[in-house]
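Visitor: Let the sequences and hints guide you as you build the complete structure.
Protein chains in written order, with numbering that gives the first Met the number 0: chain A, 0 to 459; chain B, 0 to 125.
Hints are computed from structural coordinates only; laboratory data are not their basis. Where hints are given, some of them may not hold.
In silico DSS-like cross-links for lysine-lysine, where the CA-CA straight-line distance does not exceed 30 Å [stated by the list, open to error]:
#, chain 1, residue 1, chain 2, residue 2
1, A, Lys360, A, Lys307
2, A, Lys344, B, Lys117
3, A, Lys318, A, Lys335
4, B, Lys114, A, Lys316
5, A, Lys318, A, Lys337
6, A, Lys221, A, Lys429
7, A, Lys257, B, Lys2
8, B, Lys117, A, Lys257
9, A, Lys316, B, Lys23
10, A, Lys257, B, Lys23
11, A, Lys221, A, Lys21
12, B, Lys121, B, Lys2
13, B, Lys69, A, Lys271
14, B, Lys23, B, Lys121
15, A, Lys257, A, Lys337
16, A, Lys318, B, Lys114
17, A, Lys316, B, Lys2
18, A, Lys337, A, Lys271
19, A, Lys271, B, Lys114
20, A, Lys257, B, Lys114
21, A, Lys229, A, Lys318
22, A, Lys307, A, Lys318
23, A, Lys429, A, Lys229
24, B, Lys121, B, Lys66
25, A, Lys318, B, Lys69
26, A, Lys344, B, Lys114
27, A, Lys318, A, Lys210
28, B, Lys117, A, Lys316
29, A, Lys344, A, Lys318
30, B, Lys117, A, Lys271
31, A, Lys337, A, Lys364
32, A, Lys335, A, Lys364
33, B, Lys69, B, Lys121
34, A, Lys429, A, Lys318
35, B, Lys121, A, Lys257
36, A, Lys364, A, Lys318
37, A, Lys429, A, Lys301
Here chain A is said to cover these stretches of chain B; the calculated rule only asks that three of the stretch's residues, wherever they fall, bring their Cβ under 8 Å from a Cβ of chain A [to be verified]:
#, region
38, 3-13
39, 30-41
40, 113-120
C-beta: ideal position from N, C-alpha, C; glycine also.
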Amino acid sequence: MNMVSLIPPWAQHYEEFWDSIKARNSWFIKLRYSAVLMLVVFLTSTRLLFRISFTPTQFYAISSITLSIFLYNIILTRLQKYLKNSEEGFNPVHFSIVQMILDLYALCLLVYYTGGIESPLFLLFIFHMVIGSMILPRFVIYSSACLVIIVFSAIVFAEHFGLIVHHGIAGFLKFPFYNNLSFICVSLAVFAFVIIITVMLANEMANRLYKMEENLLDSLDKLNAAEIEKENYITGVVHEIKTPISAVQSYLDLILGKYLGPLSSEIETRLKRTRARSDEAIQMINNILKISRLKLLDDLGKEELDVKRLIGSAHEKLKMQIEAKEINFTLIDNRKNKRKILGDKFLLEIGFSNIISNTIKYVDKYGKVVITMNDIADGIELMFCDNGVGIPAGDIDSIFQEFFRGSNIRHKGYEGVGLGLTVVKQIFTKHGGTIRVESPSSLQDETHPGTCFIITLPII
Amino acid sequence: MAKIAIIDDDPDILDASSLVLTSKGHEVITANNPDDGYKIVVDNSPDLIILDVMMNEPDDGFFLAQKFRKNNITTPIIMYTSISKTIGMDYGVNEMVPVDEYVEKPISPAQLIQKVEKLLHKHIER
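Guide: This is the structure we're talking about:
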């Protein structure tokens, strides 16, 4: 069956569209319960307060209408769970239309049993139309507005011409005026006018609000897309830069490997420096690529991982450097709770090896590195402490910034570009963890203040 | 010694890799684009192919590797990559990409020789 689409064409963010319709639906359900309560009050107290009285027919009719509203509202409450956010099947818009029809029906009956044109309750139709305008598509709400006008007029005229019984409320009016034709004609004309104008205004405003929300979400999408494009561009450019440097390094390795013949030690020393400096460039490029990847990656891998093993494998990769400096490397595991963490193995390995290599870089020969693992509430705390050069107090707040290098290491021949710790911080934050730094560390002596990196990660 | 085909669009990488491999006594043939690369392999039937993953287009190397396998050329393939490990595209040696080894650029002579020898050895055993 080819049905007219109930979803406005500008609703591209279907989830948000459905959510707002759903929210309004459940709001109407709550409103209906209060309407039931008000009807009960109306039935029981108006007699005393306003000295009016209902005929037994009126009393039973209003009571059963109230009960029906209460019952179908319970059913609607239950039905809410089974709605599907799709154009096919029973969706929240269909649900709104069902509510609308039921309410109109109940209200028509209520108005009829409280006096038709004499009943002040017919003003509720206007209220009803405002609510409908907020959630229903334009053609549905305009059709129901016309239907309301026709049905209400039909009731009023049928009462006037004696086709149906008039149920005026006794004690309410001195002279019934349902039989005054010019009065009912003018009243109905004004009623129709008010209904149509109300629907127009309310529908226009609701649509404008929806569209504004849509535009906002749209702009957000565009911003995200631009960010991704930017990162892709960076990756591309950086990769282009890496290609020639890789070629240079391949030649340098060839020459340093003496494939082209012997080298004088003078030249060899300089070429080794050249190799080290170009390696610095490659490291920097790799770090930029890593950061870009982190920014592009919203969905991290979620593997169950053993932290100790991750640190172990990072240590293994850096073994040569650790042995070359003859560093005293210790791992202390104080944990009682050896639960795993959830995360991206590749990224966490980068994180740990960056931290360890950072530590190795800034300790002297025969230096000391101690990694301590502790239990904390809901997580694990890892302390990477060394007795290296430390970080000056004024630099502590900046060390995780891109391209920042400590003021005490810039001129002392420590190589680096100041991106490693930025990557590290991003990795651990993406995993719901934290990283902070303390200097001097617990391993300090007179000449070596040392540094501690303290990382926390949530456990499963 | 073995005959090795190197296919890469970077002339310096071709030169450097050729120098390393000829120094070990291998015969090296080169091509700087996928089409010529396919041709030299068909014409000379080398014992080993070294292939750059990105030539004119990213993935050129992968497509060429797949073309070799599709046409029943089972010669072992070493692939040069430059971003794989860095950005975590850990291709790995699997059935999707029909290559036997990876070497990440910049190419270290020692690593290249070691991987070439390993594959040639394996190939002869087979």
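Visitor: Each hint should be assessed against the structure and marked as holding or not.
Guide: Hint by hint, here is what the structure shows:
Between Lys360(A) and Lys307(A) the alpha-carbon distance is near 22 Å, which keeps this suggested pair within the 30 Å criterion. Restraint check: the Cα-Cα separation between Lys344(A) and Lys117(B) comes to about 29 Å, which is no more than 30 Å; the hinted pair holds. Distance check on the hinted pair: Lys318(A) and Lys335(A) sit about 28 Å apart at the alpha-carbon level, within 30 Å; holds. Distance restraint check for Lys114(B) and Lys316(A): the Cα-Cα separation of roughly 19 Å lies within the 30 Å cut-off, and the hinted pair is therefore satisfied.
Using a Cα cut-off of 30 Å, the hinted pair Lys318(A) and Lys337(A) holds, with the two alpha carbons roughly 25 Å apart. This hinted pair checks out: Lys221(A) and Lys429(A) have alpha carbons roughly 23 Å apart, not beyond 30 Å. Taken as a hint, the Lys257(A) and Lys2(B) pair is honoured in the structure, with Cα atoms around 23 Å apart against an allowance of 30 Å. For the proposed pair Lys117(B) and Lys257(A), the alpha carbon gap of about 22 Å is at most 30 Å, so the pair holds.
For the suggested pair Lys316(A) and Lys23(B), the alpha carbons sit about 29 Å apart, so the restraint of at most 30 Å is met. With a C-alpha separation of about 13 Å, the suggested pairing of Lys257(A) with Lys23(B) holds against the 30 Å cut-off. The suggested pairing of Lys221(A) with Lys21(A) holds, with an alpha-carbon distance near 26 Å, which does not exceed 30 Å. For a cut-off of 30 Å, the pair hint linking Lys121(B) to Lys2(B) stands: about 15 Å separates their Cα positions.
Taken as a hint, the Lys69(B) and Lys271(A) pair is broken in the structure, with Cα atoms around 44 Å apart against an allowance of 30 Å. As the CA atoms of Lys23(B) and Lys121(B) are separated by approximately 18 Å, the hinted pair is consistent with the 30 Å bound. The straight-line distance between the Cα atoms of Lys257(A) and Lys337(A) is roughly 51 Å, outside the 30 Å bound, and the hint therefore fails. For the hint linking Lys318(A) to Lys114(B), the alpha-carbon distance of about 22 Å falls within 30 Å, and the restraint holds.
Restraint check for Lys316(A) and Lys2(B): not satisfied, since their Cα atoms lie roughly 34 Å apart, outside the 30 Å limit. Between Lys337(A) and Lys271(A) the CA atoms are separated by roughly 45 Å; this puts the pair beyond 30 Å, and the hint is violated. Of the pairs offered as hints, the one joining Lys271(A) and Lys114(B) holds, with about 24 Å between alpha carbons and a cut-off of 30 Å not exceeded. As the CA atoms of Lys257(A) and Lys114(B) are separated by approximately 20 Å, the hinted pair is consistent with the 30 Å bound.
The straight-line distance between the Cα atoms of Lys229(A) and Lys318(A) is roughly 37 Å, outside the 30 Å bound, and the hint therefore fails. For the proposed pair Lys307(A) and Lys318(A), the alpha carbon gap of about 16 Å is at most 30 Å, so the pair holds. A distance of roughly 20 Å separates the Cα atoms of Lys429(A) and Lys229(A); the hinted pair therefore holds under the 30 Å criterion. Distance hint between Lys121(B) and Lys66(B) is fulfilled; the C-alpha atoms sit about 22 Å from each other, no more than 30 Å.
For the hint pairing Lys318(A) with Lys69(B), the CA-to-CA distance comes to about 42 Å; that exceeds 30 Å, so the pair is violated. Of the supplied pair hints, the one linking Lys344(A) and Lys114(B) holds, its CA atoms being roughly 26 Å apart against a limit of 30 Å. The hinted pair formed by Lys318(A) and Lys210(A) fails the criterion: a straight-line CA distance of about 60 Å is larger than 30 Å. As the CA atoms of Lys117(B) and Lys316(A) are separated by approximately 22 Å, the hinted pair is consistent with the 30 Å bound.
With a C-alpha separation of about 20 Å, the suggested pairing of Lys344(A) with Lys318(A) holds against the 30 Å cut-off. Restraint check for Lys117(B) and Lys271(A): the C-alpha separation of about 28 Å stays at or below 30 Å, so the hint holds. With a C-alpha separation of about 33 Å, the suggested pair Lys337(A) and Lys364(A) falls outside the 30 Å cut-off, and the hint is violated. Distance hint between Lys335(A) and Lys364(A) is unfulfilled; the C-alpha atoms sit about 34 Å from each other, more than 30 Å.
Distance hint between Lys69(B) and Lys121(B) is fulfilled; the C-alpha atoms sit about 21 Å from each other, no more than 30 Å. Pair hint Lys429(A) plus Lys318(A) holds up; C-alpha atoms about 27 Å apart against a cutoff of 30 Å. With a C-alpha separation of about 28 Å, the suggested pairing of Lys121(B) with Lys257(A) holds against the 30 Å cut-off. Of the supplied pair hints, the one linking Lys364(A) and Lys318(A) holds, its CA atoms being roughly 14 Å apart against a limit of 30 Å.
About 12 Å separates the Cα atoms of Lys429(A) and Lys301(A), which keeps this hinted pair within 30 Å; it holds. Coverage of the region 3-13 of chain B by chain A holds in this model, with 3 residues showing a Cβ closer than 8 Å to a Cβ of that chain against a need of three. Coverage of the region 30-41 of chain B by chain A is violated. Counting CB-CB distances below 8 Å, 0 residues qualify, and the rule asks for three or more. Counting residues of the region 113-120 of chain B whose C-beta lies closer than 8 Å to any C-beta of chain A gives 0; at least three are required, and the coverage claim is violated.
When each numbered hint is compared with the structure, violations occur for hints 13, 15, 17, 18, 21, 25, 27, 31, 32, 39 and 40.
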